[in-house]
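Asker: Okay, here's what each chain looks like letter by letter:
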Amino acid sequence: MTDSAAPVVLIVEDEPDVAETYNLWLADEYEVRIAGDGDEGLDKLDEEVDVVLLDRMMPGLSGDEVLERIRERELGCRVAMVTAVEPDFDILEMGFDAYLSKPIRSEELIETVEKLLERSTYDRLLQKYYALVEKQATLETAKSGAELAESDEYAQLQDRIAGLQEELSQTMGGVEDDADFITAIQQIGGSEDT
Amino acid sequence: MYDLSSVLETEAVSEVRPGTSILIAGPAMTGKESLAMEILAEGSRKGDGALVVSTSDSAETIVEDYRDRVAGVSNLQLGVVDCRAEGSGGGLADGDTPSGLYVHKVSSPGDLTGIGIGITKCLEALHGAGAEEGRMALISLSTMLTYTDRETVFKFCHVLSSRLDAAGYIGVFTIDSGAHDDQTLQVIKQAFDGLVDVRDADAGREARVMGLTDGPTDWQSL
Numbered sequence: 001m002t003d004s005a006a007p008v009v010l011i012v013e014d015e016p017d018v019a020e021t022y023n024l025w026l027a028d029e030y031e032v033r034i035a036g037d038g039d040e041g042l043d044k045l046d047e048e049v050d051v052v053l054l055d056r057m058m059p060g061l062s063g064d065e066v067l068e069r070i071r072e073r074e075l076g077c078r079v080a081m082v083t084a085v086e087p088d089f090d091i092l093e094m095g096f097d098a099y100l101s102k103p104i105r106s107e108e109l110i111e112t113v114e115k116l117l118e119r120s121t122y123d124r125l126l127q128k129y130y131a132l133v134e135k136q137a138t139l140e141t142a143k144s145g146a147e148l149a150e151s152d153e154y155a156q157l158q159d160r161i162a163g164l165q166e167e168l169s170q171t172m173g174g175v176e177d178d179a180d181f182i183t184a185i186q187q188i189g190g191s192e193d194t
Numbered sequence: 001m002y003d004l005s006s007v008l009e010t011e012a013v014s015e016v017r018p019g020t021s022i023l024i025a026g027p028a029m030t031g032k033e034s035l036a037m038e039i040l041a042e043g044s045r046k047g048d049g050a051l052v053v054s055t056s057d058s059a060e061t062i063v064e065d066y067r068d069r070v071a072g073v074s075n076l077q078l079g080v081v082d083c084r085a086e087g088s089g090g091g092l093a094d095g096d097t098p099s100g101l102y103v104h105k106v107s108s109p110g111d112l113t114g115i116g117i118g119i120t121k122c123l124e125a126l127h128g129a130g131a132e133e134g135r136m137a138l139i140s141l142s143t144m145l146t147y148t149d150r151e152t153v154f155k156f157c158h159v160l161s162s163r164l165d166a167a168g169y170i171g172v173f174t175i176d177s178g179a180h181d182d183q184t185l186q187v188i189k190q191a192f193d194g195l196v197d198v199r200d201a202d203a204g205r206e207a208r209v210m211g212l213t214d215g216p217t218d219w220q221s222l
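For the record, the sequence lines run as chains A and B. Numbering-wise (the numbering used here), the first sequence opens with residue 1 and increments by one. Numbering-wise (the numbering used here), the second sequence opens with residue 1 and increments by one.
Any given hint could turn out to be false.
Straight-line alpha carbon distances no greater than 20 Å define the calculated DMTMM-like cross-link-like pairs of lysine to aspartate or glutamate that follow [claimed, not checked]:
hint, chain 1, residue 1, chain 2, residue 2
1, A, K128, A, E153
2, A, K128, A, E118
3, A, K143, A, D159
4, A, K115, B, D68
5, A, K115, A, E48
6, A, K44, A, D14
7, A, K102, A, E15
8, B, K105, B, E151
9, B, K121, A, E111
10, A, K44, A, E15
11, B, K46, B, D68
12, B, K121, B, E60
13, A, K44, A, D64
14, A, K143, B, D182
15, A, K135, A, E147
16, B, K121, A, D178
17, A, K135, A, D159
18, B, K105, A, D178
19, A, K135, B, D68
20, A, K135, A, E118
21, A, K102, A, D17
22, A, K135, A, E167
23, A, K44, A, E65
24, A, K128, B, D65
25, A, K128, B, D193
26, A, K135, B, D182
27, A, K115, A, D28
28, A, K115, A, D50
29, B, K46, B, D182
30, A, K135, B, D181
31, A, K135, A, D152
32, A, K128, A, D50
33, A, K135, B, E64
34, A, K128, B, D149
35, B, K105, B, E132
36, A, K115, A, E31
37, A, K44, A, E74
38, A, K102, A, D14
39, A, K143, B, D181
Don't read these hints as lab results, they were simulated from the structure.
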């Protein structure tokens, strides 16, 4: 599948064999871009990229530095950090969305990419849901119960909210496990300390 | 199913589905917090896990009060996330935490990631101790709303409710209805499955339940 609708995965990995292996596993389902180091990774990154597989230990720019620059550019992409050891929760505060410990199996890689794409869907739905809920609250505080009962706009809004609620409950990408839960919270902007 | 009918005295809450999140709303000094804690205590008496996320009281105070509330319960399993802006990390007294007690401190009620990590660690510990069922209380959303905007709080509640759902727990969250404008209250309410309204009436404190049954229940004294 190489049509333009396929999600885009960017692999940033300094070992060509490893990058090529990931590519083989992903190429059927996704449009894959490969970068051999951090600088090239940042060059190949744009709005179209959905998921970045980022090796943490690379010569030149480290994975951590690349991650920082990705976040500075405020692109909506999800980043899976590829690490040598499994990090603790606290390291999740660094701002990546998932981690993979080497060596990575194919199912594991595919699962992670799918999960990150699902989480993007969840965030998008939650954002949409919030916008509608706010609109509903505005109507409810501005109009009387009788006016609301007669309002087609209000009835439609309620239908859409109910529909989104249903969709959200089926998209559990945000909270399937503990690490997902933490990154889902980070995504809603709760990481800024006061 | 969770039976809250002995605390709220209405059949509407005699079979609350695991994963349900409930907002307790009312003016200041109407016993919202006490109601939330009693819902947890009722669970502890049956062996459920209890998790308190507090923005106002210290972990030490919460633990002391809770122990009094559930006096006589053996094998109490209590997790506390203390999010007052005082220090972070560590247990109740530097690793000297008694068994069945899990404390996590967070630097600020606005540090949602820290709160999330605390909740995760407590849920893990409670599960590890065999508390397959449990109840969480977050006290209070009003404080969180002073640290961060309502959109963030709304989304946080939604994500947290999903996490509790995955854990099979129920959650109760308190909000001071006098501290926010109507629109904010309307928005926040929408993040929950049910609502318990509390008020001070001539005859004493009363509560009614909405959202968990077809229509609202009548006001019942607490």
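Asker: All hints, please: hold or fail.
Answerer: Here is how each hint holds up against the structure:
1. K128(A) with E153(A): Measuring from Cα to Cα gives roughly 17 Å; hence the hint holds.
2. K128(A) with E118(A): Between K128(A) and E118(A) the Cα gap is close to 15 Å, so the pair holds against 20 Å.
3. K143(A) with D159(A): 18 Å, holds
4. K115(A) with D68(B): Cα-Cα ~44 Å, so violated.
5. K115(A) with E48(A): 18 Å, holds
6. K44(A) with D14(A): Cα-Cα ~15 Å, so holds.
7. K102(A) with E15(A): 13 Å, holds
8. K105(B) with E151(B): 24 Å, violated
9. K121(B) with E111(A): 24 Å, violated
10. K44(A) with E15(A): 17 Å, holds
11. K46(B) with D68(B): 16 Å, holds
12. K121(B) with E60(B): 18 Å, holds
13. K44(A) with D64(A): 17 Å, holds
14. K143(A) with D182(B): Judged against 20 Å, a Cα distance of about 12 Å means the pair holds.
15. K135(A) with E147(A): 15 Å, holds
16. K121(B) with D178(A): 9 Å, holds
17. K135(A) with D159(A): Distance of about 13 Å is within 20 Å: holds.
18. K105(B) with D178(A): 18 Å, holds
19. K135(A) with D68(B): 45 Å, violated
20. K135(A) with E118(A): Violated, because 26 Å separates the two Cα atoms, which is more than 20 Å.
21. K102(A) with D17(A): The given pair, whose Cα atoms are some 14 Å apart, holds under the 20 Å limit.
22. K135(A) with E167(A): 19 Å, holds
23. K44(A) with E65(A): 16 Å, holds
24. K128(A) with D65(B): 41 Å, violated
25. K128(A) with D193(B): 19 Å, holds
26. K135(A) with D182(B): 13 Å, holds
27. K115(A) with D28(A): 17 Å, holds
28. K115(A) with D50(A): Holds - the C-alpha atoms of D50(A) and K115(A) are around 12 Å apart, at most 20 Å.
29. K46(B) with D182(B): Distance of about 37 Å is beyond 20 Å: violated.
30. K135(A) with D181(B): 15 Å, holds
31. K135(A) with D152(A): Holds, at about 14 Å.
32. K128(A) with D50(A): 19 Å, holds
33. K135(A) with E64(B): Violated, at about 43 Å.
34. K128(A) with D149(B): Holds, at about 17 Å.
35. K105(B) with E132(B): Given pair K105(B), E132(B) is violated - Cα atoms ~24 Å apart, limit 20 Å.
36. K115(A) with E31(A): With a Cα-Cα distance of about 17 Å, the restraint between K115(A) and E31(A) holds, given a limit of 20 Å.
37. K44(A) with E74(A): 15 Å, holds
38. K102(A) with D14(A): Satisfied, since the Cα-Cα distance of roughly 14 Å is no more than 20 Å.
39. K143(A) with D181(B): Since the Cα atoms of K143(A) and D181(B) sit roughly 15 Å apart, the hinted pair holds (cutoff 20 Å).
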